[in-house]
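Undergrad: This is what each chain is made of:
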Amino acid sequence: MTKRLSKADRSRPTRWVGRLLTLGPGGLYLTLFLAVPLAVIVTYSFMRRGTFGGVVYQPTLENYRRAVDPLFLRILWDSVRIGGLTTLLALLIGYPAAFAITKLPTRWRLPALVAIVLPFWSNFLIRTYAWIVLLNREGILSKALRAVGLTDEPVGFLYNRGSVVVGLLYAYLPLMILPLYAALDRIDPALDEASADLGAKPWRTFIRVTVPLSLPGMTAGSIFVFVPSIGNFVVPELLGGGQAVMVGNLIRDQFLRARDWPFGAVLSLSIVGLMMILLVVQAVQLKRTRAHA
Amino acid sequence: MPELVHIAKVTKRFGDVTAVDAVDLTIEENEFFALLGPSGCGKTTLLRILAGFEDPDEGQVLLGGRDLVGVRPYDRPVNMMFQSYALFPHLTVWQNIAYGLVEERLPKREIEQRVGEVIAKVGLEGLESRKPHQISGGQKQRVALARAIVKRPRVLLLDEPLAALDKKIRADMQLELKRLQHEVGITFVVVTHDQEEAMSMADRVAVMNQGRILQVADPITLYERPADYFVAQFIGEMNFIAGEVRDGRFFSPELEGVPAPDADAGPVWLALRPEKIVLRESPGATPVELEGRVETTTFFGSLTHCYVRLPGREEPVVVTAPGPRTFQPGATVWMTWRPEDAVLLPR
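Line order of the protein sequences matches chains A and B. Sequential numbering of the first sequence, starting at 161, is according to my numbering. Sequential numbering of the second sequence, starting at -8, is according to my numbering.
Treat the hints as calculated values from the structure; they're not laboratory data. By construction, the Cβ of each residue, glycine as well, lies at the ideal position given by its N, Cα and C atoms. A hint or two may mislead.
Claimed, not checked - What follows is a set of in silico ranges between Cβ atoms, one per label pair, in the way DEER data are often shown:
hint: 1; chain 1: A; residue 1: 350; chain 2: B; residue 2: 191; range: 22 to 32 Å
hint: 2; chain 1: B; residue 1: 62; chain 2: A; residue 2: 266; range: 51 to 61 Å
hint: 3; chain 1: A; residue 1: 348; chain 2: B; residue 2: 108; range: 22 to 32 Å
hint: 4; chain 1: A; residue 1: 436; chain 2: B; residue 2: 61; range: 21 to 31 Å
hint: 5; chain 1: B; residue 1: 191; chain 2: A; residue 2: 348; range: 27 to 37 Å
hint: 6; chain 1: B; residue 1: 127; chain 2: A; residue 2: 264; range: 28 to 38 Å
hint: 7; chain 1: A; residue 1: 293; chain 2: B; residue 2: 62; range: 27 to 37 Å
hint: 8; chain 1: A; residue 1: 350; chain 2: B; residue 2: 61; range: 53 to 63 Å
hint: 9; chain 1: A; residue 1: 233; chain 2: B; residue 2: 62; range: 39 to 49 Å
What the hints assert, rightly or not - Just so you have them, the derived chain B footprint on chain A, three or more residues with Cβ under 8 Å:
hint: 10; region: 173 to 181
hint: 11; region: 408 to 415
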């Protein structure tokens, strides 16, 4: 806050009360559930683990040294690839969907958007189990393939990277569609007409006007899908079996199984760091495009 | 001048509303043509039909003899300047202007040359690398104009081109548009609800109301000889006296038998421009004379408005006279005019 502002504030104590009432709850929430836990994690990451779990308060860089181990880096890289593939597929599927919704008559747009978020109203675990029912060796897909005679043997689709990507994609696709829709919906329809008027066929207008102007939505959606995807440990556990270990599983194991909290803290911070980089990239891009909105 | 655009029996309906109703119109080569009317009169729909954004339900639109109905906007040799300008916010001024030429796949050198020329013509030098949000309203308008004329269209359509500008810039831009139209030699079709704008810029004006064209004429004819009550009251100020024509004379409660040699018998409006009326302080020996009482006068510097109350008439008659005129409110005056200055309109 600038000096000028704080001077003005002192003369008006009521303004402070108002600020406290409006910003207080949010600020308290952020402090309790973000700042404090993050501080704890950062502190743990520099400590030693106790012999029987827990944290011994002796400063060390040992955990960070362990984190650059190729084994861990490979898992992190795998997670990034699975998250990246999920994000890419979500973009490819979500963009046409969001685009189509903006072209619907106004009264059909809200129902369409509600349909997109409808799966969120059921439990995440139950939805993921449903995929097991669909994809396992005696599952619906396998039976259907046998029924139409494409195969004689039961086919399992579970417990590989593909099934993890399918699960993550299913879980997070709405998070791609919603920001894309918001960005596409904001584009002035007169711009499409202006482009056509200047001689651009519809696909040229799409490339030269629609895509660049929906870039903020694409970035936001991609971050919304990518970030929870690489940190997710339920989907790789249920749909990936032991075959696909992601960084989320590793962190969970460090905290709950190996009881190595300091190392788990370092792994967590690696994801936080990755997220921060992405958010900075998005913020820079948003600042560039917001100016002309 | 040869005919360039021919609109024949064009009708466009939106649901129950007939936005454009069996319109016939001819626009000539190199003409500055205005479509004038109140909002909702169908003028913008007609413009959008010319641009190709709407297809007419009936009728033909010919451009240089070629039927345009069904030709997509991007295939028409017609460009439009949008009311909101519709500049591409992510592109610079230069890129906005070059947009249509890039779509034509012209060689890079030609694009650069033509964009450079048009930037000089509309006075946007030095702003080439700015984004639309970094320039003023007047400059945006120039970019929108440049973007359209750089395509060298057969017809340039302008949808309320000055509506978004400040009053002062608007007057400058009126002159500028007229100058540009002469310079580039493109047919301009401008849509406006502002009669002064249409009258001051256009070679010919079509007055529209409720989807129909009421009169097409040059501004002077439109002002002096309106063909319709709506046109007469829409353009400029007009006094109307309701009456009837019998045996070549006009009768009304106020007037007894003004000569009206060419008028058909029946109920009519006698329409009279305020500046055609002469006020006298004493009765004269003129064939047409009305006695009234001055209600108020308003002095505007170059002219004075007098509001004269006539017996048995609700609305005062407006009379304008050049320079200051001093009539005391309540003074008795006699109004007179040359019979040929009055216009008789069917009622």
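Undergrad: Any hints this thing doesn't respect? Which numbers, in order?
TA: 2, 4, 7, 8, 9, 10 and 11
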